[in-house]
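Asker: Sequence:
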Amino acid sequence: MPQVVTKRIGSARASLAAGIAGLSLLAALVAGAPARAEEPMVVGLITKTDTIPFFVKMREAATEEAKKHGVKLVASTGKFDGDTESQVAAIENLISVGAKGILITPSNSTAILSAVKEARAKGIVVIALDTPTEPADAVDATFATDNFKAGEYQGAYAKQALGGKAPKIVMLDGTSGSSVSELRHDGYLKGMGLAKGDPAILGAQFTNGATDKAQAAMENLLAAHPDINAVYSINETAAAGAYAAIKAAGLEKDIVLTAIDGGCAGVKNVHDGKTAATVMQFPRKMAALGLAAIVEAAKGGKKPAGFVDTGAEVITDKPVEGIPSKDTKFGAEACWG
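Residue numbers for the sequence shown, in mature numbering (1 follows the signal peptide of the UniProt record, and there is no 0): -37 to -1, 1 to 300.
These are computed hints drawn from the structure, not numbers from a lab. C-beta: ideal position from N, C-alpha, C; glycine also. Treat the hints with care, as some may be off.
Unchecked claim - Estimated spans, in silico, between C-beta atoms of each pair: (1) G140 <-> D217: 31 to 37 Å; (2) E27 <-> A84: 27 to 33 Å; (3) E48 <-> G86: 40 to 46 Å; (4) K159 <-> G86: 38 to 44 Å; (5) Q168 <-> E48: 28 to 34 Å; (6) A163 <-> G236: 51 to 57 Å; (7) N56 <-> D149: 35 to 41 Å; (8) A74 <-> K292: 39 to 45 Å; (9) E97 <-> D235: 23 to 29 Å; (10) K216 <-> G86: 56 to 62 Å; (11) A228 <-> K30: 26 to 32 Å; (12) E81 <-> E284: 27 to 33 Å; (13) A255 <-> N56: 34 to 40 Å; (14) E97 <-> A212: 37 to 43 Å.
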């Protein structure tokens, strides 16, 4: 064989060997390379506002729980309580980024339902926090205070605190048409052992849970019914307004004023004797349990369903017989805001 041909064959064999060696090295490198990190699961949290301490605590708890599970939390909020448009836009954004679940405190129990339906049709688990949707099964599950039970605790405490006196009550309600307002109102009456329309109910006014509106309402009710001995309030900010009117009338020792929420300011008002008792709810627990439930479902576990009661606790320094309660020391440690 001519020498030049022999050299070409040898060169070709060397190139082929080098190519095979290179491929083997590449395969080894690929096999030994770490797997590309997967994008973290996305879960959304949509609250009514970012200014109310109740929702701030929800976000804190959801953030902590997301970090614990290695989840990316996308938090959004309405510009104000009742801002449905921002909540709907947030749901649509979470659909577009492929979220596995959404936690939402609906600003309106019906206005967000179309967006929720779209999310669920994409396989996204939707959990309502604090405020149920109407109907309740529009979402996969609701993690919230049993508002009827919370109202019942408030009424039962007030009845016992009256010490056998015939109740002469007025009711400072929340917002007309609000399911939370109605549930708490009806629960209070049950706790008091009264039916709607009972003559012991001297009056009721909507306050939107606001201090100024509650104070004005209480002033009007006291002017019409100076013999009031018990006041139901939808929340602690309404109770603060009621107390201002009651104190101005010099009746703070004659009226059993109660509330619902468990904010730190509300617990302090109980400690200071401005409110006889408040019923504490647990926003951090709602958010933490809700996020954990979404993660479990996304990983093939049990899917959340139905209503999950996150508990309520009577907070008072004046305990009454037959009503389980915790003192304000516990309340100060567990409060929000």
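Asker: Please go over all the hints and tell whether each is borne out by the structure.
Answerer: Evaluation of the provided hints:
no.: 1; hint: G140 <-> D217: 31 to 37 Å; in the structure: holds, 33 Å
no.: 2; hint: E27 <-> A84: 27 to 33 Å; in the structure: holds, 30 Å
no.: 3; hint: E48 <-> G86: 40 to 46 Å; in the structure: violated, 25 Å
no.: 4; hint: K159 <-> G86: 38 to 44 Å; in the structure: holds, 43 Å
no.: 5; hint: Q168 <-> E48: 28 to 34 Å; in the structure: holds, 29 Å
no.: 6; hint: A163 <-> G236: 51 to 57 Å; in the structure: violated, 25 Å
no.: 7; hint: N56 <-> D149: 35 to 41 Å; in the structure: holds, 37 Å
no.: 8; hint: A74 <-> K292: 39 to 45 Å; in the structure: holds, 41 Å
no.: 9; hint: E97 <-> D235: 23 to 29 Å; in the structure: violated, 38 Å
no.: 10; hint: K216 <-> G86: 56 to 62 Å; in the structure: holds, 59 Å
no.: 11; hint: A228 <-> K30: 26 to 32 Å; in the structure: holds, 29 Å
no.: 12; hint: E81 <-> E284: 27 to 33 Å; in the structure: violated, 52 Å
no.: 13; hint: A255 <-> N56: 34 to 40 Å; in the structure: violated, 23 Å
no.: 14; hint: E97 <-> A212: 37 to 43 Å; in the structure: holds, 38 Å
In the structure shown, a violation is registered for the earlier hints numbered 3, 6, 9, 12, 13, in ascending order.
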